[in-house]
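K.L.:
Kindly generate the complete structure, drawing on both the sequences and the hints.
Numbering (the working numbering), first residue to last: 1 to 300.
Among the hints, a few may not be true.
Quick list of simulated restraints, FRET-style, between CB atoms [unchecked claim]:
hint, residue 1, residue 2, range
1, Gly150, Ala120, 17 to 27 Å
2, Pro290, Ala196, 23 to 33 Å
3, Ala140, Ser89, 31 to 41 Å
4, Arg61, Gly150, 18 to 28 Å
5, Ala75, Ala140, 49 to 59 Å
6, Phe92, Gly126, 37 to 47 Å
7, Ser84, Ala140, 38 to 48 Å
8, Gly133, Ala68, 46 to 56 Å
9, Arg207, Gly47, 38 to 48 Å
10, Gly295, Ala45, 38 to 48 Å
11, Pro290, Ala45, 41 to 51 Å
12, Ala184, Arg87, 24 to 34 Å
Quick caveat, the hints were computed from the structure, so don't treat them as lab data. Every value quoted in this text rests on a predicted model; they were computed, and no experiment measured them. The C-beta atom is built at its ideal place from N, Cα and C for all residues, glycine as well.
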Amino acid sequence: MPVCYTTGVTNQSIRPLLRFAPSPTGHLHLGHALSAFENERWAKAAGGRLLLRIEDIDTTRCRPEFVAALLEDLAWLGLPFEPSPRRQSEHFDDYRQALDSLAGMGLLYRSYASRAEIAAAIDRPGHPRDPDGTPLYPRAALARADDPAGRDPAEPFALRLDMTAALAKAGPLAPALSWQEQAAPRGAGSEAIPAAPERWGDVVLARKEFPASYHLAVVVDDALQGITHVVRGRDLYQATGLHRLLQALLGLPEPIYHHHGLLLGPDGEKLSKSARSTSLRALRADGVTPADIKGMAVMG
Numbered sequence: 001m002p003v004c005y006t007t008g009v010t011n012q013s014i015r016p017l018l019r020f021a022p023s024p025t026g027h028l029h030l031g032h033a034l035s036a037f038e039n040e041r042w043a044k045a046a047g048g049r050l051l052l053r054i055e056d057i058d059t060t061r062c063r064p065e066f067v068a069a070l071l072e073d074l075a076w077l078g079l080p081f082e083p084s085p086r087r088q089s090e091h092f093d094d095y096r097q098a099l100d101s102l103a104g105m106g107l108l109y110r111s112y113a114s115r116a117e118i119a120a121a122i123d124r125p126g127h128p129r130d131p132d133g134t135p136l137y138p139r140a141a142l143a144r145a146d147d148p149a150g151r152d153p154a155e156p157f158a159l160r161l162d163m164t165a166a167l168a169k170a171g172p173l174a175p176a177l178s179w180q181e182q183a184a185p186r187g188a189g190s191e192a193i194p195a196a197p198e199r200w201g202d203v204v205l206a207r208k209e210f211p212a213s214y215h216l217a218v219v220v221d222d223a224l225q226g227i228t229h230v231v232r233g234r235d236l237y238q239a240t241g242l243h244r245l246l247q248a249l250l251g252l253p254e255p256i257y258h259h260h261g262l263l264l265g266p267d268g269e270k271l272s273k274s275a276r277s278t279s280l281r282a283l284r285a286d287g288v289t290p291a292d293i294k295g296m297a298v299m300g
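P.N.:
Here's what the structure looks like:
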């Protein structure tokens, strides 16, 4: 049964719908607060609604205690989210249907190459990298490793997007693929940004043990929830080109995008859970108030 998506997302007669979508792999920090407050600001300025999505598709790293903690932190901040957040872990069938659609168009292939084989194939100067700095998958060099003939059905594999075939397929659907980047909620207009999804190469969209990548899940979720405006950090700016390609291939509506600035730590890197940036819970324990957090995040 095909997935039904909301249509006409860019129609300005529709009440704007935004979402804040944290992943419960640790405790929220000031960077999360900034993004949550930015979504609140946009929703309020545009007379829109604000949803919470819990991106817990990675069941190996997302833990129930982190879900409970983020819900508590967001309630403490007083953000006006609507009830019943969408949890990705409850919607694996939606991502599977999207993968089936791409597979039906001949746009996916199984990649069996191990990390060691991939590393050996790219061990040369000047190998191209994606916008995140990850070396592009060297498919031609790993053709033998990825040959499915004689493979054990239980062997792990990744489902990769055949970027060359995807671009050829998307060409007639979206000849000048771009996204609309809007500077402010009202009155500033928007700018068409060329998508350039080819910079991502043959990206992984799922693994045998992992139902969908972030890139696939986010476009499916946004479509199913009818999100009209995606407000998120600048670190995802380049990924939007890949997201627009997936939207075109799957026939999904196109939201308007705004990528806000990031809060940086003393080392000049963005705040993150992996770098153990100070959590909102720790700040609250030190007597910091929600108003203080908003000032630190928005003014920071």
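K.L.:
Determine for every hint whether it applies to the structure shown.
P.N.:
Here is how each hint holds up against the structure:
{"no.": "1", "hint": "Gly150 x Ala120: 17 to 27 Å", "result": "21 Å, holds"}
{"no.": "2", "hint": "Pro290 x Ala196: 23 to 33 Å", "result": "40 Å, violated"}
{"no.": "3", "hint": "Ala140 x Ser89: 31 to 41 Å", "result": "36 Å, holds"}
{"no.": "4", "hint": "Arg61 x Gly150: 18 to 28 Å", "result": "33 Å, violated"}
{"no.": "5", "hint": "Ala75 x Ala140: 49 to 59 Å", "result": "52 Å, holds"}
{"no.": "6", "hint": "Phe92 x Gly126: 37 to 47 Å", "result": "39 Å, holds"}
{"no.": "7", "hint": "Ser84 x Ala140: 38 to 48 Å", "result": "47 Å, holds"}
{"no.": "8", "hint": "Gly133 x Ala68: 46 to 56 Å", "result": "34 Å, violated"}
{"no.": "9", "hint": "Arg207 x Gly47: 38 to 48 Å", "result": "41 Å, holds"}
{"no.": "10", "hint": "Gly295 x Ala45: 38 to 48 Å", "result": "19 Å, violated"}
{"no.": "11", "hint": "Pro290 x Ala45: 41 to 51 Å", "result": "20 Å, violated"}
{"no.": "12", "hint": "Ala184 x Arg87: 24 to 34 Å", "result": "31 Å, holds"}
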